[in-house]
Each structure stands twice: as structure tokens, then as C-alpha cells.
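Trainee: Sequence:
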Amino acid sequence: MGYSTDFTGHFEITPPLDTVQAEYLQKFSETRRMRRDNALLVDYREPKRQPNRVEDPLRQAVNLPTGVEGGYFVGGQGFAGQTKDMSVLDYNHPPQGQPGLWCDWTVSEDGKQLRWNGSEKTYKYVQWLQYLIDNFFELWGRKLSGDVQWQGESSTDMGVISIKDNIITVRKD
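For any residue, its number in the numbering used here is found by taking its place in the sequence shown, counting from 1, and adding 698.
Just so you know, these hints were derived from the structure itself, not from any lab.
It cannot be assumed that every hint is accurate.
Only pairs whose alpha carbons sit at most 20 Å apart, straight line, appear in this in silico EDC-like list of lysine to aspartate or glutamate [as the list claims (entries may be wrong)]: (1) Lys810 <-> Glu836; (2) Lys810 <-> Asp845; (3) Lys725 <-> Asp741; (4) Lys810 <-> Asp863; (5) Lys810 <-> Asp832; (6) Lys810 <-> Glu728; (7) Lys819 <-> Asp855; (8) Lys819 <-> Glu728; (9) Lys819 <-> Glu851; (10) Lys822 <-> Asp802.
All chains, please: the whole structure from these sequences, using the hints.
Mentor: Written as C-alpha cells, this is what we have:
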């Protein structure tokens, strides 16, 4: 059950992300966003091995902190990072500030484009774009530009999301 929305098009990333940044954002898109206890996550400024702490080498490689309620964490185990390890506070609620449990925007392998990951049920897609811009693209000195069209299950649910230099506008058709 749920509601399906399809997207066509992509946003250009200028300058392109470096390889590890692209890998990080791909992993961010692939993992369930769950509230976590930051005290149980290894911080990017700490040595790699910490007893009784959950490691997150990809996040550490891009020099990101753990984020509010572990919001930047991508080191979860199991399918889509959903294993309930000791750091998980709430499996069914995202970290504060994140729009939902799943971010369905991902980047191309070459780091040049942001696009929909093809997920069957995509929610809060504009809010997720703003989150990605505010928390990653601006931080890394990157700009998004381009147009993505959406079409929901309802024939009246369609439009275009435009981004120019990280400013989002939405036009419903």
C-alpha cells in the first residue's frame, strides 16, 4: 500500500562530487534513516577503533560529524543498514530534521548528477532535496541545477521541480 510517484530528469552537480562524496551520498540513499544515540557512534575526529562504539568509515572519510541523532550515519549493517545495533534509539522515526525514513535521491557514480533512485514509494521528495542541499551540497561547495518532472498515481498530481544554484522552485501542472 502507499502512493507511487515517478520522476524523470536529473539535477547537475557543479563541480562534480569527488568519489568518496558520491559513495557517501549513494549509501545515504540506500540506508534507513533511524534515530541513533550519538554517544555510541564513532565521531570523525576520533581514532577509527573505539570499544563499544559503532563505526562508520564512509562518513568519517568525508569528515562529517555524526549529525543530530546520528543523522549522517551510513554504517548500519544488514539489508539497507536496518540492523538494530546498540546505537538505534528509534527504528521507526528518522533523526530530527530529516523528512522521513528513506531518502530516494541518489547521485550518479561519476558524481555529476542527482537523480531519483527508482524507489516504488517516494515521499517528501522536495523536503529531501532541501535537506541534501543544506546539509551536504552547500557544505561541500556544490551547486545543483536542472529540472525533474514528477507524476503521481493521480492524473492531477504532476509538475516540475526546478533547481538553480541550490534554489528550489516547484510548479504543479
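Trainee: Now, for every hint given, state plainly whether the structure supports it.
Mentor: Each hint tested on the structure:
no.	hint	result
1	Lys810 <-> Glu836	holds, 15 Å
2	Lys810 <-> Asp845	holds, 14 Å
3	Lys725 <-> Asp741	holds, 18 Å
4	Lys810 <-> Asp863	holds, 14 Å
5	Lys810 <-> Asp832	holds, 18 Å
6	Lys810 <-> Glu728	holds, 18 Å
7	Lys819 <-> Asp855	holds, 14 Å
8	Lys819 <-> Glu728	holds, 14 Å
9	Lys819 <-> Glu851	holds, 11 Å
10	Lys822 <-> Asp802	holds, 9 Å
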